[in-house]
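Please construct the entire structure, taking both the sequences and the accompanying hints into account.
So the sequence lines, in the order shown, correspond to chains A and B.
Mind the numbering: the first sequence is residues 4 to 250 in this note's numbering, read in order.
Mind the numbering: the second sequence is residues 54 to 614 in this note's numbering, read in order.
It cannot be assumed that every hint is accurate.
[Stated by the list, open to error] Pairwise CB distance ranges (calculated):
{"#": "1", "chain 1": "A", "residue 1": "199", "chain 2": "B", "residue 2": "214", "range": "28 to 36 Å"}
{"#": "2", "chain 1": "B", "residue 1": "370", "chain 2": "A", "residue 2": "56", "range": "50 to 58 Å"}
{"#": "3", "chain 1": "B", "residue 1": "288", "chain 2": "A", "residue 2": "60", "range": "25 to 33 Å"}
[Stated by the list, open to error] SDA-like cross-link-like pairs, simulated, lysine to any residue; straight-line CA separation at most 25 Å:
{"#": "4", "chain 1": "A", "residue 1": "66", "chain 2": "B", "residue 2": "295"}
{"#": "5", "chain 1": "B", "residue 1": "111", "chain 2": "A", "residue 2": "110"}
{"#": "6", "chain 1": "B", "residue 1": "113", "chain 2": "A", "residue 2": "110"}
[What the hints assert, rightly or not] Residues from chain B shown here face chain A by an in silico Cβ test under 7 Å; the list is partial:
{"#": "7", "residue": "107"}
{"#": "8", "residue": "118"}
{"#": "9", "residue": "295"}
{"#": "10", "residue": "296"}
Just so you know, the hints here were simulated from the structure itself, not pulled from any lab data.
Glycine residues also receive a C-beta, built at the ideal position from the N, C-alpha and C atoms.
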Amino acid sequence: MEETILRLKTDIANNFWKNKFKDIGHVINPRKIKNKNLKVLTLTNSRNMDEIRILNEECISSKIHILAWCKNSIEALSLDAEGKVNEVIDEIEFEETILNCGQHKIFDRLPFHILNIDFSSQEIEILNGRIEKELKSIEKIFSEQKRFGNSSFIVMYTTLLEQTAVNTTTIKNNSDQFLVSSWHGLNLSKSNNINSIADKILTLKEFFQQLAQKYNVNAEIEDHILTIDSNNSLCSVSFFINGDNNG
Amino acid sequence: MINQKIIEKGKLSIKVDSKVVSHLSIGLYKNFSRAIKELVSNAYDAEATEIKINLDFKSKKLIIKDNGKGMDKIDIENKLLTIGKTTPRTGASIGLGRKRIGQFGVGFLAVFPYCKTIRIVSKKAGEENAIEVIIKVSEYYQDNSWVLNNNIENIDYKICPSLLPKKQGETIVLLENIEDRTITQMKEYEKEGCGSIERFGWLEKTKWELSQYLPLQFPESYKELKDFFYLKNRIPLRVWFDGEELFRNVPEGANNKRSEIIEKGEQKFGNIILKYTILSPFTSIRPQEARGFQIRLNDVGIGLPTDFDVIKLKGRMLGKLNYFTGEIHIVEGLNNDLMLDRDGFYYTEEVSKIYEFFRDKLTKWDHEFQNTAKEDKAIYETLEKLPNQEKIIQDLKSVGIIKFDKTNLRIPKAPIVRKDKKEIVTLSKKISDIASKKGFTIEKKRSIRNIDENPIEIDKEQKKVIIHEEHPSLFEKIRVNNKEFSVKYDQWNITTKIDPICKLDIQKKTVVFNKNHPIFNIALDNTIIMEFVIGFQFIAKEEKISISAMQKIYRLFEKMF
Numbered sequence: 004m005e006e007t008i009l010r011l012k013t014d015i016a017n018n019f020w021k022n023k024f025k026d027i028g029h030v031i032n033p034r035k036i037k038n039k040n041l042k043v044l045t046l047t048n049s050r051n052m053d054e055i056r057i058l059n060e061e062c063i064s065s066k067i068h069i070l071a072w073c074k075n076s077i078e079a080l081s082l083d084a085e086g087k088v089n090e091v092i093d094e095i096e097f098e099e100t101i102l103n104c105g106q107h108k109i110f111d112r113l114p115f116h117i118l119n120i121d122f123s124s125q126e127i128e129i130l131n132g133r134i135e136k137e138l139k140s141i142e143k144i145f146s147e148q149k150r151f152g153n154s155s156f157i158v159m160y161t162t163l164l165e166q167t168a169v170n171t172t173t174i175k176n177n178s179d180q181f182l183v184s185s186w187h188g189l190n191l192s193k194s195n196n197i198n199s200i201a202d203k204i205l206t207l208k209e210f211f212q213q214l215a216q217k218y219n220v221n222a223e224i225e226d227h228i229l230t231i232d233s234n235n236s237l238c239s240v241s242f243f244i245n246g247d248n249n250g
Numbered sequence: 054m055i056n057q058k059i060i061e062k063g064k065l066s067i068k069v070d071s072k073v074v075s076h077l078s079i080g081l082y083k084n085f086s087r088a089i090k091e092l093v094s095n096a097y098d099a100e101a102t103e104i105k106i107n108l109d110f111k112s113k114k115l116i117i118k119d120n121g122k123g124m125d126k127i128d129i130e131n132k133l134l135t136i137g138k139t140t141p142r143t144g145a146s147i148g149l150g151r152k153r154i155g156q157f158g159v160g161f162l163a164v165f166p167y168c169k170t171i172r173i174v175s176k177k178a179g180e181e182n183a184i185e186v187i188i189k190v191s192e193y194y195q196d197n198s199w200v201l202n203n204n205i206e207n208i209d210y211k212i213c214p215s216l217l218p219k220k221q222g223e224t225i226v227l228l229e230n231i232e233d234r235t236i237t238q239m240k241e242y243e244k245e246g247c248g249s250i251e252r253f254g255w256l257e258k259t260k261w262e263l264s265q266y267l268p269l270q271f272p273e274s275y276k277e278l279k280d281f282f283y284l285k286n287r288i289p290l291r292v293w294f295d296g297e298e299l300f301r302n303v304p305e306g307a308n309n310k311r312s313e314i315i316e317k318g319e320q321k322f323g324n325i326i327l328k329y330t331i332l333s334p335f336t337s338i339r340p341q342e343a344r345g346f347q348i349r350l351n352d353v354g355i356g357l358p359t360d361f362d363v364i365k366l367k368g369r370m371l372g373k374l375n376y377f378t379g380e381i382h383i384v385e386g387l388n389n390d391l392m393l394d395r396d397g398f399y400y401t402e403e404v405s406k407i408y409e410f411f412r413d414k415l416t417k418w419d420h421e422f423q424n425t426a427k428e429d430k431a432i433y434e435t436l437e438k439l440p441n442q443e444k445i446i447q448d449l450k451s452v453g454i455i456k457f458d459k460t461n462l463r464i465p466k467a468p469i470v471r472k473d474k475k476e477i478v479t480l481s482k483k484i485s486d487i488a489s490k491k492g493f494t495i496e497k498k499r500s501i502r503n504i505d506e507n508p509i510e511i512d513k514e515q516k517k518v519i520i521h522e523e524h525p526s527l528f529e530k531i532r533v534n535n536k537e538f539s540v541k542y543d544q545w546n547i548t549t550k551i552d553p554i555c556k557l558d559i560q561k562k563t564v565v566f567n568k569n570h571p572i573f574n575i576a577l578d579n580t581i582i583m584e585f586v587i588g589f590q591f592i593a594k595e596e597k598i599s600i601s602a603m604q605k606i607y608r609l610f611e612k613m614f
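What follows is the structure, given as structure tokens:
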């Protein structure tokens with residue numbers, strides 16, 4: 004499975020992320036063709052760094068502006084040796100850190116122009132509540148990012164959709180913990196445990212659509228799904244926030 | 054690469070031969086760059102094709118990752134941590150068509166003086182697991198001296214499953230807590246000027262040294278060198294430093310002037326076979342450390358480039374010595390004559406012959422360059438007053454008629470008035486002489502050219518120089534009585550009744566001189582003669598002096614001088 008995910012990452016990077024990275028680059032620095040120098044956070048590993056290659060090749064970002072996250076400390080070392088990113092954070096898993104370490108240095112690095120939150124690059128452990136926790140960490144970093152004003156940025160959320168059920172009630176409860184005045188609460192069309200990949204994709208899209216409403220942002224949502232087999236798919240959702248600085 | 058699950062953990066020890074300790078105490082590895090080179094050499098011997106080096110000042114760490122065959126626990130114990138006892142000979146054949154370049158084990162100790170901890174993670178190709186070893190270096194190297202107690206088991210190791218594909222090998226060496234004084238040295242900024250590597254910043258200097266010593270590929274822009282030194286069946290090594298790929302240094306001149314291959318060849322000295330190239334950018338080589346020949350054994354640099362003390366031993370001043378650089382690759386032999394510090398070879402009869410051979414080469418090329426410089430100087434002086442001079446010079450340089458830059462040739466700014474006798478030769482003739490000497494065919498055209506058009510054109514494909522002889526700028530000018538005349542030359546019989554020396558056309562402001570006339574053989578500069586003749590023509594016309602009287606005066610003039 005690991006090797007298949009690595010291979011599919013190249014496909015997603017070339018056919019989906021690349022265009023989204025270019026779009027945000029154009030919005031942030033419309034007049035610059037080269038050296039757009041966008042600030043990037045990417046969850047990655049040393050075995051496939053295609054998003055970093057694309058960011059460099061397309062002049063969207065450069066070494067000094069890229070912060071990488073790799074939960075395996077030795078993979079992080081290997082990634083560091085490549086010399087393609089400014090720093091590699093090799094703590095525990097991203098979602099755990101974001102949700103439970105309020106003082107973590109990642110919060111000092113905000114805001115980013117690109118948040119490439121690719122959980123599929125981080126040695127996925129198939130557990131109940133995995134996707135629910137991932138989405139909670141996405142909302143947490145999104146809300147932290149929003150503190151810095153109404154600028155444009157993009158969140159790329161990538162995860163493995165497999166057989167384990169996803170509980171929509173947990174997703175709703177998690178999201179509702181982030182209080183926003185006059186927000187009536189997350190309202191997903193599917194209730195309780197969902198198993199099919201189609202239902203999971205629908206839920207993810209609804210989550211991001213309502214995230215935009217909740218935080219009152221003008222967002223464009225797109226997804227890119229790659230089937231691994233009848234039970235597994237790799238799903239990437241782009242959440243493009245059109246802020247005040249649209250060129 | 055490694056999951057968190059630990060399969061095995063324990064302690065290991067370093068075992069060092071006492072002879073090695075004595076070598077280390079004499080300072081085998083003099084600086085951090087050399088120490089890094091030793092780690093890279095080990096990776097090369099481990100059949101790595103790609104090596105990534107990353108230096109992080111902020112975190113005081115250096116990481117070297119290679120995709121070689123990797124090590125398991127037995128390799129770590131018997132090879133990496135057993136130093137000096139079974140050191141394989143440099144030059145022994147290994148995989149990928151390579152010959153061993155490192156002194157496995159000894160080289161590894163080279164980095165000890167520069168950091169506090171070394172963490173090694175290695176996965177052997179064909180194995181499922183990886184091993185991680187942490188060496189607290191400060192326990193082995195304290196206060197500038199070695200404390201190498203054999204068999205003390207104080208090196209932690211653990212074995213974990215690897216995420217890498219089974220067939221893939223990998224080794225990562227992390228130097229942590231690099232010494233502050235080393236970090237301070239590293240942070241030294243570039244000083245003004247780039248004539249010497251001592252003026253580079255540490256990082257640039259290290260990159261330069263690695264590019265000079267390591268068995269790297271020549272850059273694609275020097276394909277001829279790459280092809281010449283190519284060894285069939287040898288898989289090349291690629292090294293990245295801070296994300297930037299390093300290539301073999303090909304020294305250039307000031308202002309990045311590209312070096313040209315001026316000679317290449319293969320030579321045998323007894324059992325030694327070598328290949329060599331001599332290069333020059335036709336200006337001083339920069340940095341100065343790159344001047345002379347870089348000797349390589351098994352493709353690895355041996356010491357710094359050298360001129361083999363050519364001036365001292367030939368007893369001759371070589372003015373253009375700093376224009377030469379080159380590579381000498383030992384293809385066969387000399388493996389047993391390499392000094393332990395790998396900066397040179399022990400003195401043998403063959404080594405002496407090799408040095409003498411290259412001293413002769415340098416002397417020969419210096420002589421050639423002195424001559425070429427004289428020729429180039431003559432061209433620059435010839436072109437001095439032509440319009441579009443820069444374009445013509447550029448064209449002549451691009452086809453190799455001119456080799457040296459004007460700035461290297463001390464061309465006088467104002468033309469010096471010559472006191473010696475000037476030959477009667479047109480500018481067009483001078484140019485065609487020089488160009489044909491360089492192997493170009495000359496085409497002379499008599500079509501009328503505008504002053505703004507180029508008097509000289511170069512056809513690069515046909516290797517042809519086109520000279521527009523009727524271009525106004527190619528005529529010599531002479532000023533008499535505040536009037537400027539264009540000078541042309543022709544030949545006619547002096548016994549004819551017309552003026553035997555020149556035909557002056559005051560209206561067209563031209564004068565044609567008879568270059569066969571004996572007056573031009575007298576010991577007086579021709580310009581003075583011509584000025585006198587034209588001046589005298591004016592007087593003769595005003596005073597109505599007959600042609601026969603004029604001829605008498607000219608003959609008198611001839612006799613007087």
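Evaluation of the provided hints:
1. A:199 <-> B:214: 28 to 36 Å: Given range 28 to 36 Å: holds, Cβ gap about 33 Å.
2. B:370 <-> A:56: 50 to 58 Å: holds (54 Å)
3. B:288 <-> A:60: 25 to 33 Å: holds (26 Å)
4. A:66 <-> B:295: holds (10 Å)
5. B:111 <-> A:110: At roughly 19 Å apart (the allowed maximum being 25 Å), residue 110 of chain A and residue 111 of chain B satisfy the hint.
6. B:113 <-> A:110: Roughly 23 Å separates the two Cα atoms, so the pair holds.
7. 107: holds (4 Å)
8. 118: holds (4 Å)
9. 295: Hint holds; residue 295 of chain B Cβ to chain A Cβ min 4 Å, cut 7 Å.
10. 296: holds (4 Å)
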